[in-house]
Amino acid sequence: MSKPNGSIKRILVVEDEASITDMCRIVLTREGFDVEIADNGMVAQEMIEKKQYDLCLVDIRMPKMSGEELYLWLKEKYPRMVDGVIFTTGSMIDEEARTFLGRSGRPLLPKPFALRELREVVEEALKQKKI
Amino acid sequence: MMAKQEKILIVDDEQVIRKLLNQALSKEGYPCQEAGNAEEALEKLRNDGFSLVLLDIKMPGKSGAEILSEIKAGYPDMAVVMATAVTDITVAIQCLKRGADDYICKPFNLDEVSMVIQKALEKRGLQLKVREYQQHLEEKVEEQTEEIRRLFLGAIEALVVALEAKDTYSGGHSRRVTSIALSLGKELVLSPNDMEDLRWGSLLHDVGKIAVDQLIQNKPGKLTREEYEHIMIHPHVGANIVQPVVNKKVVEMIEHHHDHYDGSGLHQVTAGSAIPLGARILAVADAYDAMTSDRPYRPAMSRERALEEIKRCVTTQFDPVVADAFLKIMTRNI
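Chains as they are written, first to last, in the numbering used here: chain A, 1 to 131; chain B, 132 to 465.
Keep in mind that the hints were calculated from the coordinates and are not lab data. One thing to keep in mind: the hints can contain errors.
To be verified - Distance condition first, Cα-Cα at most 30 Å in a straight line; then the derived DSSO-like pairs of lysine-lysine:
no., chain 1, residue 1, chain 2, residue 2
1, A, Lys111, B, Lys260
2, B, Lys135, B, Lys297
3, A, Lys111, B, Lys135
4, A, Lys130, A, Lys111
5, B, Lys228, B, Lys150
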């Protein structure tokens with residue numbers, strides 16, 4: 001597994017909505033991150049098995065594999081990465097997902113989000129990771 | 132008896148009956164023709180404009196009942212009266228269900244025949260009138276809508292012209308931007324609805340400048356950070372102004388028309404293809420027209436320099452797809 005370069009942080013965006021991945025890629029790249037995209041959970045798993053990521057932006061609702069499933073998989077196989085997970089979600093989220101989010105204790109970024117919110121949540125998550 | 136407009140086709144395999152009906156109906160003033168079987172009837176219907184078919188149910192070969200659906204499908208406005216023997220009433224009723232207007236029983240009472248036919252033709256006439264009326268009404272509504280839209284657009288244009296008249300440098304800017312934006316929309320194959328939104332968005336993109344201080348807007352020197360921020364309130368103000376009169380897409384187009392593709396613009400909340408396409412189109416059209424017009428702080432740039440500048444800002448300020456389409460149009464129009 002290749003390790004991320006010490007100075008450049010690597011972010012994996014797991015998301016099926018093109019305009020959102022586009023926005024994340026453009027903005028986070030400009031912020032100096034190395035940004036990679038997976039448009040579903042299965043692709044994300046393959047990528048995570050090959051590379052290490054500092055942060056993982058995960059959409060809760062995705063076809064094929066939910067954000068929750070991906071999170072549980074990470075928890076089991078790559079527990080150190082769990083601290084780098086940021087969830088994103090559209091307006092509709094059911095009680096079950098809400099409970100799961102609360103239990104996971106990971107930050108949630110509701111869609112559509114503003115650039116500032118994206119930058120802040122990413123910055124905050126990196127800070128938390130260092131501690 | 133006065134000659135009538137509606138032509139009748141009499142379809143019966145018995146010549147005697149055809150003759151009898153022909154005579155009776157001709158006397159009533161209807162131009163009549165006869166057909167001895169289904170094929171002949173269909174042939175005559177194809178070649179001549181009839182209003183009503185008097186159709187015998189039982190005929191050798193294809194029966195009248197059989198060709199009824201065919202006639203109704205091919206000539207929906209045709210009135211059809213079935214002729215039947217008293218013993219076949221059930222078949223006649225089935226025919227009514229399948230679109231025949233009425234039936235007459237053999238042996239005929241000629242007065243009754245004439246009455247049934249008159250009734251069927253009257254019904255047909257009414258149906259045609261209702262349809263014509265509806266069509267006319269639709270046309271009328273469409274005409275009126277178009278007229279209202281035209282007036283509305285005219286009023287908005289007048290407002291924009293008035294606004295631009297206040298400013299020495301932006302005369303005709305919105306109209307030129309509209310024209311560039313629409314050719315870009317065409318190049319990017321937008322739908323007619325999106326084109327219409329784009330027209331409104333580009334015409335109205337700068338109405339928010341009404342809230343911008345004239346001294347700052349026409350300042351000859353370089354703007355301070357504060358002054359620039361002040362001018363940049365115009366997309367947001369503009370979106371608020373037009374919000375009650377245009378749809379959401381147009382409002383968003385105006386709100387985001389100064390967004391940079393890479394998210395680096397002032398107060399920007401979104402980036403990349405999350406910026407509405409109309410706003411990305413406007414960004415290029417607006418920038419090009421601004422660069423090639425005189426400004427208080429600089430004379431107009433040449434077309435070549437402006438195009439170079441657009442190329443330089445692809446992916447940072449401008450959407451590469453839109454900028455590419457723009458450069459393509461401009462090279463074509465040399």
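Here is what the structure says about each hint:
1. A:Lys111 x B:Lys260: violated (55 Å)
2. B:Lys135 x B:Lys297: violated (70 Å)
3. A:Lys111 x B:Lys135: Given that 30 Å is the threshold and the Cα spacing comes to 72 Å, the pair is violated.
4. A:Lys130 x A:Lys111: The hint holds at about 26 Å.
5. B:Lys228 x B:Lys150: holds (29 Å)
Hint compliance for this structure: hints 1, 2, 3 are broken, all remaining hints hold.
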